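**Student:** Each chain, letter by letter, is given below.
Protein chains: 6
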Amino acid sequence: MRIDNRNNDQMRLVKITPNFLKNPHGSALVEFGDTKVICTAMLEEKTPSFLRGTNQGWLTAEYDMIPGSTIVRTSRDVSKGKISGRSQEIQRLIGRCMRSVTDMSVLGERTIWLDCDVIQADGGTRTASISGAFVALVLALDRFKEELKLEQLPVKNYLGAVSVGIVDNIPILDLCYEEDSRAMVDMNIVMTSAGEIVEIQGTGEARPFTKTELLSLIQLSEKGVKTIFAAQKEALANVLEF
Amino acid sequence: MRIDNRNNDQMRLVKITPNFLKNPHGSALVEFGDTKVICTAMLEEKTPSFLRGTNQGWLTAEYDMIPGSTIVRTSRDVSKGKISGRSQEIQRLIGRCMRSVTDMSVLGERTIWLDCDVIQADGGTRTASISGAFVALVLALDRFKEELKLEQLPVKNYLGAVSVGIVDNIPILDLCYEEDSRAMVDMNIVMTSAGEIVEIQGTGEARPFTKTELLSLIQLSEKGVKTIFAAQKEALANVLEF
Amino acid sequence: MRIDNRNNDQMRLVKITPNFLKNPHGSALVEFGDTKVICTAMLEEKTPSFLRGTNQGWLTAEYDMIPGSTIVRTSRDVSKGKISGRSQEIQRLIGRCMRSVTDMSVLGERTIWLDCDVIQADGGTRTASISGAFVALVLALDRFKEELKLEQLPVKNYLGAVSVGIVDNIPILDLCYEEDSRAMVDMNIVMTSAGEIVEIQGTGEARPFTKTELLSLIQLSEKGVKTIFAAQKEALANVLEF
Amino acid sequence: MRIDNRNNDQMRLVKITPNFLKNPHGSALVEFGDTKVICTAMLEEKTPSFLRGTNQGWLTAEYDMIPGSTIVRTSRDVSKGKISGRSQEIQRLIGRCMRSVTDMSVLGERTIWLDCDVIQADGGTRTASISGAFVALVLALDRFKEELKLEQLPVKNYLGAVSVGIVDNIPILDLCYEEDSRAMVDMNIVMTSAGEIVEIQGTGEARPFTKTELLSLIQLSEKGVKTIFAAQKEALANVLEF
Amino acid sequence: MRIDNRNNDQMRLVKITPNFLKNPHGSALVEFGDTKVICTAMLEEKTPSFLRGTNQGWLTAEYDMIPGSTIVRTSRDVSKGKISGRSQEIQRLIGRCMRSVTDMSVLGERTIWLDCDVIQADGGTRTASISGAFVALVLALDRFKEELKLEQLPVKNYLGAVSVGIVDNIPILDLCYEEDSRAMVDMNIVMTSAGEIVEIQGTGEARPFTKTELLSLIQLSEKGVKTIFAAQKEALANVLEF
Amino acid sequence: MRIDNRNNDQMRLVKITPNFLKNPHGSALVEFGDTKVICTAMLEEKTPSFLRGTNQGWLTAEYDMIPGSTIVRTSRDVSKGKISGRSQEIQRLIGRCMRSVTDMSVLGERTIWLDCDVIQADGGTRTASISGAFVALVLALDRFKEELKLEQLPVKNYLGAVSVGIVDNIPILDLCYEEDSRAMVDMNIVMTSAGEIVEIQGTGEARPFTKTELLSLIQLSEKGVKTIFAAQKEALANVLEF
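Chains as they are written, first to last, in the numbering used here: chain A, 418 to 659; chain B, 418 to 659; chain C, 418 to 659; chain D, 418 to 659; chain E, 418 to 659; chain F, 418 to 659.
Hint data in this document are derived by calculation from the structure and do not stem from the laboratory. Note that the structure is predicted; figures quoted are calculated from it, not measured. One should not assume that every hint holds.
Same chains, same names: a pair is fine if it fits in one copy or spans any two.
Within a straight-line C-alpha distance of at most 35 Å, the following computed DSBU-like cross-link-like pairs (lysine-lysine) qualify [stated by the list, open to error]:
1) Lys497 <-> Lys640
2) Lys562 <-> Lys497
3) Lys573 <-> Lys432
4) Lys562 <-> Lys640
5) Lys643 <-> Lys432
6) Lys497 <-> Lys643
Excised from the complex, chain A in its bound form (with noise of 0.2 Å):
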């Protein structure tokens, strides 16, 4: 049995709250259970130097945690000068999948800077931003579709994100902190509602894994996308037509 009673197929709790925050274009509060995150989406009005005179927008993401999120607490990047090699891993990792679900090319030249900001931690962070993210973003490209004079939002896809391991030599769907740090293997997949894989990484902590092992894995993580593509589905609900 889990620590909070799930079947190892089970995902926790996920709710999504979009239009958390008044001043950012788009944002939502994503809930992955106890993890809870800030997810905001901002335009801004010009692109990186190797995009100019392109007409091509971009799409960026940073991902922090505040002190306050872990049980011990968590310093700040800033006191030591520089971004950590975990968040900087992470946020390059929102940045890509969220790129590769939209059409930048519809954007001019602008960038969209995504922030995913842990307020509480508990397993599966970095799937809860990509999650959360996605439901930003959506707003924000909302918001600016008739300036932008977009007929359609530039997604095609729902994009979910969650975490699936190996604890006791059992595989299981969406890790709290407890199970995480005990975790044999552990992986995150980021899917599309296409049912296409955007991003796979799995590790083997303790110790490598099967072929088989990692079949089984990927088809828990099939199941858990569908609770985060419903929870996405009713945030964007009037926003997001398919």
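Following the hints, complete the assembly by docking chains B, C, D, E and F onto the known chain A.
**Tutor:** For chains B, C, D, E and F alone, coordinates are given in the frame of chain A:
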């Protein structure tokens, strides 16, 4: 008439939600109208090196804004590799005020970290931070009451802060962002519930000010902090008994 | 009796040597007793990016202490890779005060850099810096009077600053280091020769203070700045004609 | 036909020169075609602070490219004052993989530093680094066999890594730079000679990918790592006896 | 007798392999005995800002050591966030020397980047770097001869550097690491094939030195650079015709 | 004729004011004509980690220029987050020279910090710094003579430094800024009063130089340092008895 229909001597709605997060030893969400700050307090089992061997405790504060808290995205300090002058000034102020009302000698060689993370900014983030950090601090102290063998909590008074300013030559209380950005004179006052001043910082942004104006600003502050003490009292009911 | 036999409302010897260095456009050595600060003013032919194209000038200040200025060696900020919180706070204060008394619109797209380098510290370095920087600033403005086609210098009043504080429960003027280090309340006030306040910063270091105490500290300041205006007037004879 | 006339399931020439440098405890030059990486392993007589007192060893990796390794000069990380996100991601990956196949408990309180310095880059630098670092690591362990009183070296299998990807909709093995830069899907797989997966990282750069495609990429990898194990076996003849 | 059986006025084996890497415009591996440095030269189509609009070229150098180049691992500069004083001194020296023998006016607004990366260190890395960088530079210039419409390469002489020193009170040529670490006097001299001095840097590490000793050290240098000019001539056969 | 009417072998007025500041253990203001440097020496009760437990002392130097010391404002190193290459080179030079003439074994586990802060620059700041730092150092040593139980001060000779150079093909002594900026050859020599060389650094800025020219530059130096030794002797009368 003020932009949000308040009287010149009227605070915005002040709301303090105690125990807002589950991981820190103490926490509160403080709201001054649309300004929202997450305040957390966490005890660490060591002190800065200048206190080692003295059996004295310490208290330090950090302040930050998430990028989506403002109308124009606030870029993260870490992306510039160093904390901004403004953030540094504010967190030094918060720490100084909290230390001034806490008897740190009873803590033993421990540090209390206070973190104020602004999630939505509409003026007065530093005064909201101080007012909310006080609640988080008391909640954390209460949690360790037994372990630290405290007969009573080592704080003697409530501590609140408000901003006042002169806009269109009229002294007003608790400026929202729109008012703050065109204030001629800008002042922050931190007071105890015993009616004494802990810190006063006043700046003639667009013009200097007279001693008479200074006095009327202080009078407005004295009115404003009462609202804050009431909200703190409610948030700390059963914890602080005065 | 005070450590240097002064009365409670008595300034130390204030001395301002104009044109102390040959290279800057304006310079002064300011002395408040044993506290000695070299203040320089230099014009640069460009403004920060937020002012480009506005035909507006700007004024910015930097503050530092040489390592040998203090009893215990002060390590250089650069050895830690970043400016200290204290230095940053002080230089922001100096810049803010100088901008408040200068009409920067007549400068065109130019920046005036004010540098305050403490070579000997004995309390009151920030107030000495402000008082000396004003002289350096006026000397630099005077040097460019013709080139900038100014009929009169773009400052309307003298600007001086003093520290006051409560030591052993007694309000005193112009604290030396020994007094400053055991002050219960510490305050810096910046005033114009028109008798108005530009900045007030008061902190209850060891205890809060009452409104009555605040008023007596302000009265001491009003007395102290007169000494400074006199020294500035002498240093700027033939330059500033009021 | 591929740019260098290889079959889709064909590795470039893999060459590993052991003991390439005289100073490190272990070293190797690894070549995957034109990609050349110097890998070194050095033992240090202490561990990171989180392991002090545990009698446990540690293993950490760093990755860098010399500026002249690429067609357009790669500027040094230090000139920006911080390690790039890409380098950080790669060195975290290398360290994780090496730790997963090494029994660090036999090292005592020692750290093994693995350094991978790319001197010529033509795609696959991270997989070449892992494959070469394994050889450097084993050589260093062998050198200390006696001193550490090891009956056998604390590694159980060979460890190799390859890149695979989908270019022009066709899955191919071991991408060179030209192929990598236009890959639709990009994947790195790290495997042991026991046929198990240590790490899998797949990204849909230009489009998502199906589970079927994922499986065919894994199959290519399984073929590719055999070539690497053969080269490692040759480089470690007389050192590793399996 | 010296540790490697050389005479006091004898260089170690000097070997320069031109075109060592395929990506840079010019490259060389230089070896002074066991000291090995990869030198590369790359042209960039812009100059530093202080030269914009002058139609003048520029030349700059960077120097680094890979961590495994030394007996005790050299930690990377980037891990401390800044370049070491030693590296900075050396790369300033390399750049200065190369600029002194190159007519940069014929380059137009271009910068040549010279990178010297030590892969194995056994004393004399800075003099080996200068000697090898000269070859990389000439190869890069030769590659752009046509594009830059140069009738002849803009260098007039060969440029070589050697270290000399006083060990056990005896002046010797080309110190290896073991000798360098116990040298009383340490000197580096950079000379042209016309017999003139470009740079001389001598330090009394353990004791000062006399003018007579200085002269005998210079004589040794004059002998040593001849070996280097010969190796450069061979490496640049068919490229530099003098 | 030189710009300030000096002969080619003539120093500017050299003036050393001992005990210039009240806080450091030793201090001096050194002037070479219009070049003015504040030199201070301060003892710290610990050594760098590489000397712990050896009962050996250490000596280290830092060099900086205040922004107003130059005609065009010199921006502070800290604003770029790192020390400039030039400053680093100079402070390494100062430290090396001072260590070479001081018997650090008598200091016990203590560090002497030497700080050279240029307040006015007109060429020769590094040689003035060395010459002044020597005086500050001796004054600090003298102050601790009793505490350290020194029978005599642990320095054996005076130490002075001068710049020489070739301007318009003529060797001259002690270059001012105007001369320095158009020197073909630039050299700094540090010598003891016993007539020996501690450091020589010569650079062919605009052209290489011959051995004959080198010798005539050394001769000029030998003349110049005599003026410095005389000024040091005067400043240290009653302190250093040789």
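**Student:** Confirm or reject each hint.
**Tutor:** Here's how the hints hold up against the structure:
Proximity of Lys497 and Lys640 under a CA criterion of 35 Å is satisfied in neither setting, with 40 Å inside one chain copy and 41 Å between copies. Taking identical chains as interchangeable, the C-alpha atoms of Lys562 and Lys497 lie at most 35 Å apart only when they sit on different chains, with a minimum of 32 Å there against 40 Å within one chain. Taking the closest pair of Cα atoms, Lys573 and Lys432 come within 35 Å of each other only inside a single copy of the chain (22 Å); across copies the shortest separation is 41 Å, beyond that limit. For a Cα distance limit of 35 Å, the shortest separation of Lys562 from Lys640 inside one copy, 32 Å, qualifies, whereas the shortest one across copies, 46 Å, does not.
In this assembly of identical chains, the alpha carbons of Lys643 and Lys432 lie at most 35 Å apart only when taken from the same copy (13 Å versus 38 Å across copies). Taking CA atoms no more than 35 Å apart as the test, Lys497 paired with Lys643 passes in neither setting, with 39 Å inside one copy and 39 Å between copies.
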